[in-house]
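**Q** Quick mapping for you: the protein sequence lines, in order, are chains E and S.
Just so we're aligned, residue 1 is where the first sequence starts under this note's numbering, counting upward by one.
Just so we're aligned, residue 1 is where the second sequence starts under this note's numbering, counting upward by one.
What the hints contain is simulated information worked out from the structure, not anything from laboratory work.
It should be emphasised that the depicted structure is a prediction, and the values quoted were computed from it without experimental measurement.
It cannot be assumed that every hint is accurate.
Said to hold, decoys possible - Some chain S residues close to chain E (C-beta under 8 Å, calculated; not the full set):
id: 1; residue: Glu143
id: 2; residue: Gly153
id: 3; residue: Asp269
id: 4; residue: Ser272
id: 5; residue: Ala298
id: 6; residue: Thr354
id: 7; residue: Gln357
id: 8; residue: Lys358
Said to hold, decoys possible - Here are the simulated DSSO-like cross-link-like pairs (lysine-lysine), alpha carbons at most 30 Å apart as the crow flies:
id: 9; chain 1: S; residue 1: Lys234; chain 2: E; residue 2: Lys11
id: 10; chain 1: S; residue 1: Lys381; chain 2: E; residue 2: Lys10
id: 11; chain 1: S; residue 1: Lys120; chain 2: S; residue 2: Lys182
id: 12; chain 1: E; residue 1: Lys33; chain 2: S; residue 2: Lys379
id: 13; chain 1: S; residue 1: Lys205; chain 2: S; residue 2: Lys182
Think of the CB as a built atom: it goes at the ideal place given N, C-alpha and C, for glycine as much as any other residue.
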Amino acid sequence: MDFDMSEKIKKEIIIQKIADIIGVEKAYAIFYKALQEGNLIEQAQYTKEEVLKITEMLKKNGGMIAISASLIAAEIHLNTI
Amino acid sequence: MTLKMVTALVKGKNSSKVGQEVAREAKRKLATPPAFALLYTSTQYDLKELLKAIREELGNIPLIGCTTGGEITNQQIAKQSVALALFSQSDHFQFHVAMDIGLHDDPTGCIQRIVDQLPKQPENFPYRSAILLHDGLAGRGEEAVLSAATILGPEISFAGGSAGDDLAFKETFVFCNDKITKDSAAICIIDSKSPAAVSVQHGHKPLKCGFVATKAIENVLYEINGKPAWSVWKETVRESAKALGIDVDQLKDHSKIGSLLIRYELGLDTGSGYKIRAPLSKNEDDSLNFGCTILEGAKFCIMESPKQAQLDSAEEAAKKAIAQMKGREVAAALVFDCVCRAIILGDDFAKAITIIQKTIGKDVPLIGFETYGEICRIKGKGSGFHNTTTVIMLLPAE
């Protein structure tokens with residue numbers, strides 16, 4: 001599927017997807033850790049390319065966070081996010 | 001041909017005879033060859049004998065099912081029974097089933113192996129939805145749902161539930177065609193010409209918030225705010241439970257502790273609402289067992305579950321589902337209702353099912369079971385594994 005990797009996604013949309021399994025407060029903490037590990041700065045929104053990089057960092061948490069990160073990546077690839 | 005679903009519910013002592021009767025009754029009601037069967041049963045039966053008898057009557061049609069905490073049809077809500085739904089052949093629907101084992105150790109691998117067995121979506125059936133059933137004691141509900149959403153594709157909506165075992169909490173079973181397995185999941189893919197509807201609603205409100213899971217391993221919560229989980233739970237609910245006539249300090253029996261825990265569940269603060277997690281039992285070390293993984297560091301509330309809110313949530317779930325149908329005729333209603341709700345509501349549980357029937361249409365055939373966890377995955381929405389909710393899936397006639 002063709003889609004624009006520079007298209008932007010709001011930070012809250014990504015955090016909400018993690019918050020659904022770990023709670024909102026911990027989700028923010030995990031998200032910021034992923035940003036740090038991916039050498040990304042905090043922004044209101046990220047390009048799809050950046051979100052894929054964030055999901056790679058999130059996968060390092062293993063378990064449900066990793067599965068959830070895979071789901072976010074799948075949504076990016078299928079253009080459903 | 002439009003889709004038709006019929007249901008039958010039978011109780012008895014002889015597993016083989018019960019299987020034969022329930023299949024014959026459903027077949028008689030359908031009057032045309034079935035395309036798919038959905039089976040829910042109490043664990044009190046010899047499952048091999050039961051399934052063998054049903055398969056002998058129905059032939060090799062696709063079938064999935066599981067053991068439950070109680071069986072529900074449009075005619076009856078029962079315990080220690082067998083409920084069967086048959087779906088007619090239809091130009092508008094195709095059903096495909098598959099299952100696999102190894103859910104606990106590798107939930108993603110298990111779901112992947114199941115999906116690998118299923119056919120690709122045909123071009124002339126633009127909508128795909130699914131029913132997902134899994135071992136209710138494998139402790140992998142959340143992982144199974146996230147994996148299914150990833151592997152099936154995020155645009156697919158699905159519903160389902162965690163198998164039960166009549167509240168024994170010993171072992172639960174999932175069926176697919178002739179197989180009866182533990183530590184497993186089964187999926188029925190539904191390809192259709194118009195979309196299915198799925199909805200979920202809970203009826204809990206926070207009693208007290210500000211708790212953090214400071215020690216949790218898999219589905220066991222050991223410490224809350226650095227203290228043993230059960231002591232925090234007991235302290236928090238003491239006054240509220242007293243109003244219900246329960247003295248938390250006198251609770252010694254495991255089943256009574258279990259009943260209390262079901263009234264006061266964990267509410268994960270997702271920022272946009274609460275995700276309910278049911279504590280199922282207490283261990284000797286005062287840790288609490290949950291039906292799915294609790295992640296360390298999660299911040300949560302302890303919730304309370306007023307009866308009226310549980311009835312209202314059933315109606316809300318039904319309203320949400322029927323709204324998605326946009327006036328299309330409903331051929332079948334599949335209900336996945338938590339066994340905890342049945343305990344909280346007691347005799348009023350039947351009222352909740354009646355409310356659902358009134359909302360979706362009293363003549364709509366309905367089958368369901370009392371689950372150990374509910375699944376409702378809607379495109380673009382959260383993870384989809386829930387506790388103490390009502391999940392409804394509606395299939396259109398065409």
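**Q** Hint by hint, note whether the structure agrees.
**A** Checked hints:
1. A hinted interface residue such as Glu143 (chain S) counts as satisfied when its beta carbon comes closer than 8 Å to some beta carbon of chain E; here the least separation is about 6 Å, so the hint holds.
2. Look at Gly153 (chain S): its Cβ gets to within about 6 Å of chain E, closer than 8 Å, so that hint holds up.
3. With a least beta-carbon distance of about 5 Å to chain E, the hint placing Asp269 (chain S) at the interface is held under the 8 Å criterion.
4. Checking Ser272 (chain S) against chain E by beta carbon gives a least distance of about 6 Å; that is within 8 Å, so the hint holds.
5. The beta carbon of Ala298 (chain S) comes within 4 Å of a beta carbon in chain E, closer than 8 Å, and the hint placing it at the interface holds.
6. The beta carbon of Thr354 (chain S) comes no nearer than 31 Å to any beta carbon in chain E, farther than 8 Å, and the hint placing it at the interface is violated.
7. Evaluation of the Gln357 (chain S) hint against chain E yields a violated restraint, the C-beta minimum of about 30 Å exceeding 8 Å.
8. At about 31 Å, the closest approach between the beta carbon of Lys358 (chain S) and any beta carbon in chain E exceeds 8 Å, and the interface hint on this residue is violated.
9. For the proposed pair Lys234 (chain S) and Lys11 (chain E), the alpha carbon gap of about 38 Å is over 30 Å, so the pair is violated.
10. With a CA separation close to 15 Å, the supplied pair Lys381 (chain S) and Lys10 (chain E) stays within the 30 Å bound.
11. Proposed proximity of Lys120 (chain S) and Lys182 (chain S) is supported: the alpha carbons are some 27 Å apart, at most 30 Å.
12. Using a Cα cut-off of 30 Å, the hinted pair Lys33 (chain E) and Lys379 (chain S) holds, with the two alpha carbons roughly 27 Å apart.
13. Pair hint Lys205 (chain S) plus Lys182 (chain S) does not hold up; C-alpha atoms about 34 Å apart against a cutoff of 30 Å.
Violation of the numbered hints given earlier is confined to hints 6, 7, 8, 9 and 13; the remaining hints are satisfied by the structure.
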